[in-house]
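Note that the protein sequences, when read in sequence, are chains C and W.
The letter at position 6 of the first sequence is residue 6 when you use this note's numbering, and the numbering goes up by one with no holes.
The letter at position 4 of the second sequence is residue 4 when you use this note's numbering, and the numbering goes up by one with no holes.
No lab work stands behind these hints, which were simulated from the structure alone.
A quick note: this is a predicted structure, and the numbers were derived from the prediction, not measured.
Don't be surprised by glycine CBs; every beta carbon is placed ideally from N, CA and C.
Keep in mind that the hints are not guaranteed to be accurate.
Claimed, not checked - Taking CB as the label site, the calculated pair distances span:
1) W:T18 - C:G282: 38 to 46 Å
2) C:A11 - W:G27: 24 to 32 Å
3) C:M179 - W:R71: 44 to 52 Å
4) C:S261 - W:V29: 27 to 35 Å
Said to hold, decoys possible - Just so you have them, the derived chain C footprint on chain W, three or more residues with Cβ under 8 Å:
5) 3-13
6) 28-36
7) 42-52
8) 61-67
For reference, the chains in residue letters:
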Amino acid sequence: MKYIDEFQDPALARRLLDDIARTVTRPWAMMEVCGGQTHSIIRHGIDQLLPENIELIHGPGCPVCVTPLEVIDKALEIASRPGVVFCSFGDMLRVPGSDRDLFWIKSDGGDVRVVYSPLDALRIAQQTPGRQVVFFGVGFETTAPAIAMAVHQAKRLEVRNFSLLVSHVRVPPAIEAVMRSPDCRVQAFLAAGHVCSVMGTTEYPDLADTYKVPIVVTGFEPLDILEGIRRAARQLERGEHRVENAYPRAVRPQGNPVALSVLREVFTTTDRAWRGIGIIAGSGWRLSDAYRDYDAEHRFDVTCLVTEEPAVCRSGEVLQGLIKPHECAAFGTTCTPRTPLGATMVSSEGTCAAYYLYRRLATPRMEETASVD
Amino acid sequence: MCLAVPGRVVGIEERDGTPMARVDFGGVVKDVCLAYLPEIQVGEYAIVHVGFAIQRLDEESALATLRLFERIGALDEEFGDAWERAAAEVERAPEEENR
Ligand code: SF4
Chain C
1 MKYIDEFQDP ALARRLLDDI ARTVTRPWAM MEVCGGQTHS IIRHGIDQLL PENIELIHGP
61 GCPVCVTPLE VIDKALEIAS RPGVVFCSFG DMLRVPGSDR DLFWIKSDGG DVRVVYSPLD
121 ALRIAQQTPG RQVVFFGVGF ETTAPAIAMA VHQAKRLEVR NFSLLVSHVR VPPAIEAVMR
181 SPDCRVQAFL AAGHVCSVMG TTEYPDLADT YKVPIVVTGF EPLDILEGIR RAARQLERGE
241 HRVENAYPRA VRPQGNPVAL SVLREVFTTT DRAWRGIGII AGSGWRLSDA YRDYDAEHRF
301 DVTCLVTEEP AVCRSGEVLQ GLIKPHECAA FGTTCTPRTP LGATMVSSEG TCAAYYLYRR
361 LATPRMEETA SVD
Chain W
1 MCLAVPGRVV GIEERDGTPM ARVDFGGVVK DVCLAYLPEI QVGEYAIVHV GFAIQRLDEE
61 SALATLRLFE RIGALDEEFG DAWERAAAEV ERAPEEENR
């Protein structure tokens, strides 16, 4: 795609970096909310190219990482029941529950299948009417419309052997939780572009106002991220706090109205626990009463599971931007992507995995930060 | 899983009462549900996530953003450090003389 290639143009990136360097006069800390952006930042070394006085704090925007342990344990419980076909996105397979993961269930004979789209799971249900097909619905606002459509179709086509284990999360309440934390150092947000492709930008002005924090909707290519940082820095220097859209090629202010109407029909907001963080009010979606029959938690009666987090894992602090991964004693020793202790290492979008993958320990800039800390 | 990818619509058809597309992601072609973007046409770009087109990728605003970036370069010329520029010119001059 011709203009995607252009968004990786090093010469333009250099000019944006120069402009950012000219703009900033003081230290600022900004948080990129989305795990996809974190990976782009680390992969292209954007954090190291930036002027010293801009610090990027990695946010809680990895749905795999924040899925609570109880939900993983419920998934494992349902997946190991006879007669169940358990469908999931591939990146949930290695997320550790209290004592196993989905991969283990599969090698133990469970029918766990990886699908690319929730519609694939619906098709499996249509093709195997004698079995219960359960789809593991995780993800932010970008993913939720797809899951909502799958269950909407199931109802329309009267597919009764299909249900959802739902653990969807919403970004704005997470931003609010970050701002309310007494240790919060975040002064501006780079909002997740594709979340806003669906939701639009109308949820953000109130947040920007209440917490006096600039929020810049940002894309994922290196130039997009630099432009997001440039705009956030400009606002901070001027003492402004507005919502800006730096990703207009994929984000309309009103979002995607068709997706929003299906979302509102299928889901209602609910309080949701975030792994490592705890309960955030109104931060999740559950199936609305009209779709309650399709809720796997009711169909399989999985409540009252006892859960246990590994004591050494500090992914909660990583997710809130309070520590960097290498400050965790287990990082790279007992905890690696092959033997993950926490979700932020297991998920390909997790911050611990990004730091491990791109050897972010060996770089001068990181050593410097480490010694300052 | 969270990543959404841009692709180009190469064909559209209806399946089970739902509009579906064939979308080309730089060589890999996949089936994509158009329920949330029914008005998209063959040849246009869309952001696709877990098998759903979630938003049209607007080429015009893409080009506008790129033009803005170019203009930042222009501002650089205008407001950049004049001493630095002069120094760069002095450095360049002897080379040119040698030719
Ligand atoms: S390195 Fe591993 S144990 Fe440490 S915080 Fe990250 S995921 Fe948890």
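Now the hints, each set against the structure:
1. Taken as a hint, the range 38 to 46 Å is violated for the pair T18 (chain W) and G282 (chain C), whose Cβ atoms sit roughly 31 Å apart.
2. Hint check: A11 (chain C) to G27 (chain W), Cβ distance near 27 Å, so the stated range 24 to 32 Å holds.
3. A C-beta distance of roughly 33 Å is found between M179 (chain C) and R71 (chain W), which places it outside the suggested range of 44 to 52 Å.
4. For the pair S261 (chain C) and V29 (chain W), the beta carbons lie near 29 Å from each other, so the given range of 27 to 35 Å is met.
5. Counting residues of the region 3-13 of chain W whose CB lies closer than 8 Å to any CB of chain C gives 4, so the stated coverage by that chain holds, three being the minimum.
6. Residues of the region 28-36 of chain W lying with their CB closer than 8 Å to a CB of chain C number 4, which satisfies the three-residue condition for coverage.
7. Taking a C-beta to C-beta cut-off of 8 Å, the region 42-52 of chain W contributes 6 residues in contact with chain C, enough for the three needed, and the coverage statement holds.
8. Coverage of the region 61-67 of chain W by chain C holds. Counting CB-CB distances below 8 Å, 6 residues qualify, and the rule asks for three or more.
Hint violations for this structure: numbers 1, 3, all remaining hints satisfied.
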